[in-house]
Amino acid sequence: MSEAERADLLLQIYYYMRLTRAMEDRTRTLFLQGRIVGGVYTAQGHEATTVGAAMTLRDGDCIVPQHRDLGMHLVRGVSPRAVMCQWLARGNAPTLGRDGQLHIGDMHQGVVPMISMLGESLPVACGVALVMKMRRRSTVVLASCGDGATSTGAFHEALNFAAVQRLPVVFLIENNGYAYSTPNARQFAIEQLAQRAVAYGMPGESVDGNDVLAVMEAVERAVAHARSGRGPALVECRTFRVRGHSEADKADYVPPALREEWLARDPIKRFEGYLTAQGLLSAERRREIEARVRAVVDDAVAFAEASPPPDPATVADYVFAPDGPIAIVGEPGATDPRYVNALDTRTGRPFCTMSQVEEAVTQL
Amino acid sequence: MTAVTYLEAISQAIREEMRRDESVFLLGEDVGTYGGAFKVSAGFLEEFGPERVIDTPMSETAIIGSAVGAALMGMRPIAEMQYIDFITCGFDQIVNMACKMYWRSGIPLPLVIRGPAGGGTHGGPFHSASPEAWFFHTPGIKVVMPATTYDAKGLLKAAIRDNNPVLYLEHKLLYRLPELREELPSEDYIVPLGKAIIRRRGRHMTMLTYGAMVHQCLKAAEQLASEDGLAVEVVDLRSLTPLDRQTIKESVMRTNKVLIVHEDTLTGGVGAELAALLAEELFDYLDGPIMRVAAPDAPYPYAPPLEMAYLPGVERIVAVARQLAAY
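Quick mapping for you: the protein sequence lines, in order, are chains F and W.
The numbering of the first sequence is the numbering used here, which starts it at 1 and goes up by one.
The numbering of the second sequence is the numbering used here, which starts it at 1 and goes up by one.
Keep in mind the hints are simulated off the structure, nothing from the lab.
Take these hints with a grain of salt, some might be off.
Quick list of the computed label-pair ranges, beta carbon to beta carbon [said to hold, decoys possible]: (1) F:Thr182 with W:Gln323: 56 to 62 angstroms; (2) F:Ser181 with W:Asp30: 40 to 46 angstroms; (3) W:Pro185 with F:Pro332: 31 to 37 angstroms; (4) W:Pro304 with F:Gly153: 33 to 39 angstroms; (5) F:Ser181 with W:Leu286: 51 to 57 angstroms.
Since this is a predicted model, take the numbers as computed values, not measurements.
The beta carbon of each residue, even a glycine, is placed where N, CA and C say it ideally should be.
Extracted from the complex, chain F is given alone in its bound form:
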């Protein structure tokens, strides 16, 4: 990688971290204004983990995100407009208003839709990886979960199955100290969650989840391992959720000093310091990026607010998929409209319409 390419990559990372934070900040404002009907779950403090991990992926790779993984969605090309439509329960949201928050996904973009039963997405990640292995693709799945989800049976079944089948999956644990209000000490009795990897026969490491470059390096190692056919790997990112489980949670179970300690380690400020010291982030460049981020968020909110709510007459629709041939995602013909999974049969539109408007981030 040339110096100019590296500079460009680092600024892209910074852009996505800022965009993730800005999207969530705006969502919080919308929530306080009563414009969001359900709960709001943000991930302030996780930006280095989610953006850093997703930046290691290539075309054809998949992510299996959880509820605090907006950064991953954005890096993988999910449109801020789609996210805002989802949060504001609009009729053209990816779930057509049937579900909220980050419960969105599109296999054509390599994003598996999550469900609220955390940990349950991990066996699904194994199935996606199983197909990649069958197709000899050398693509990988990045599947994330929190510290709380590591207590579920699904987590253990998935890791064990992936290891036995040598599936190309990277399990990313975002250990943010608390599962809702339950601290690590009441969730597991080991030193580091990366130790879990040993029991399943896969490499595991634990990194500072607030250091985006350290996250990238660790996830890159894990991805390389998975991509080379040697099976799954695990990365634990130690981070912190500096806000509550949801915006309805004041998180007064967190000792104030602990929160202060982590606020001082804010991943965006840290990375900003690094970029400035490296001479890559001038005041002018920083203002440019800020303006770009604000424009994208403003556009997403305006688009969502101009979008109509779902039609109540459709409440019992789309329970079953129609008949017709289904193509293999990623294989020739998968985007052929004659296949039922090329177009969203609920709307008749291609799945990715809402991401078409995105700017090329490399223009920064």
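Given the coordinates of chain F, work out where chain W should sit on it, guided by the hints.
Below, chain W without anything else, positioned relative to chain F:
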């Protein structure tokens, strides 16, 4: 051509679909080297290799979850539950992950979950379940229960080709019953999901049933014909979801009396929904109460006398049918 068993028909359906379509594959406990606990997949590993006949760890959540992931990629996985009772261990993957996937994401999920269900083999409370009502109640999954060898093959082929999650419940008592041996067509055929079939015509009452109980009802109908001169119509539902409301209603409109028979427990069972449907829509056509014969509200027992008392048999069906006929 030789007559095959119900189990061989299931095996043929999977093998033929795997030959026809490379996206079909099988995964489950002991399905590979051993050929499955009941030998449904005997010989499959040799023919299709370990990537399409996957021996899994003892992990129903991983089996069903992986099948969901593979289906999201456009494959058509068949997940075997060694005994259908164990489906509870993968319940969340079905009701929260699979059943809601198309509805909320628009991505079709062509997935079959199949396994041996039903009692009569002294399996006891953990190897005999009739779990259909749990899933009959859940939108987003089709539920199929074949009663004959012809249907076992045709319905399974239709299930594999369907673009939705399908729960295919095989009655293990029927697996090797000699009287169910049948010569099957040599050409490819399917039995469409959502179509009931009238197994026996009659004008005095309709028996609505499915699965192994179809045969009990047919025997009961035979006895009622010879001993009471009653002509009983027996409707085999074949698919519970989608439910063939039209065939059900047409039959009841002709006979004006209805007896619902299922092996699953009574309260909140499929029969309750059928009864409600008929009460709501065909009240004027009914010449008697809608009656039900089902298992008592208790788990499947193990000891033969208990199991005999538990399973709806010809004697109980005949007795209740006589009450209804006399009404």
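Cross-check of the supplied hints:
{"no.": "1", "hint": "F:Thr182 with W:Gln323: 56 to 62 angstroms", "result": "holds (57 angstroms)"}
{"no.": "2", "hint": "F:Ser181 with W:Asp30: 40 to 46 angstroms", "result": "holds (42 angstroms)"}
{"no.": "3", "hint": "W:Pro185 with F:Pro332: 31 to 37 angstroms", "result": "holds (34 angstroms)"}
{"no.": "4", "hint": "W:Pro304 with F:Gly153: 33 to 39 angstroms", "result": "holds (35 angstroms)"}
{"no.": "5", "hint": "F:Ser181 with W:Leu286: 51 to 57 angstroms", "result": "holds (56 angstroms)"}
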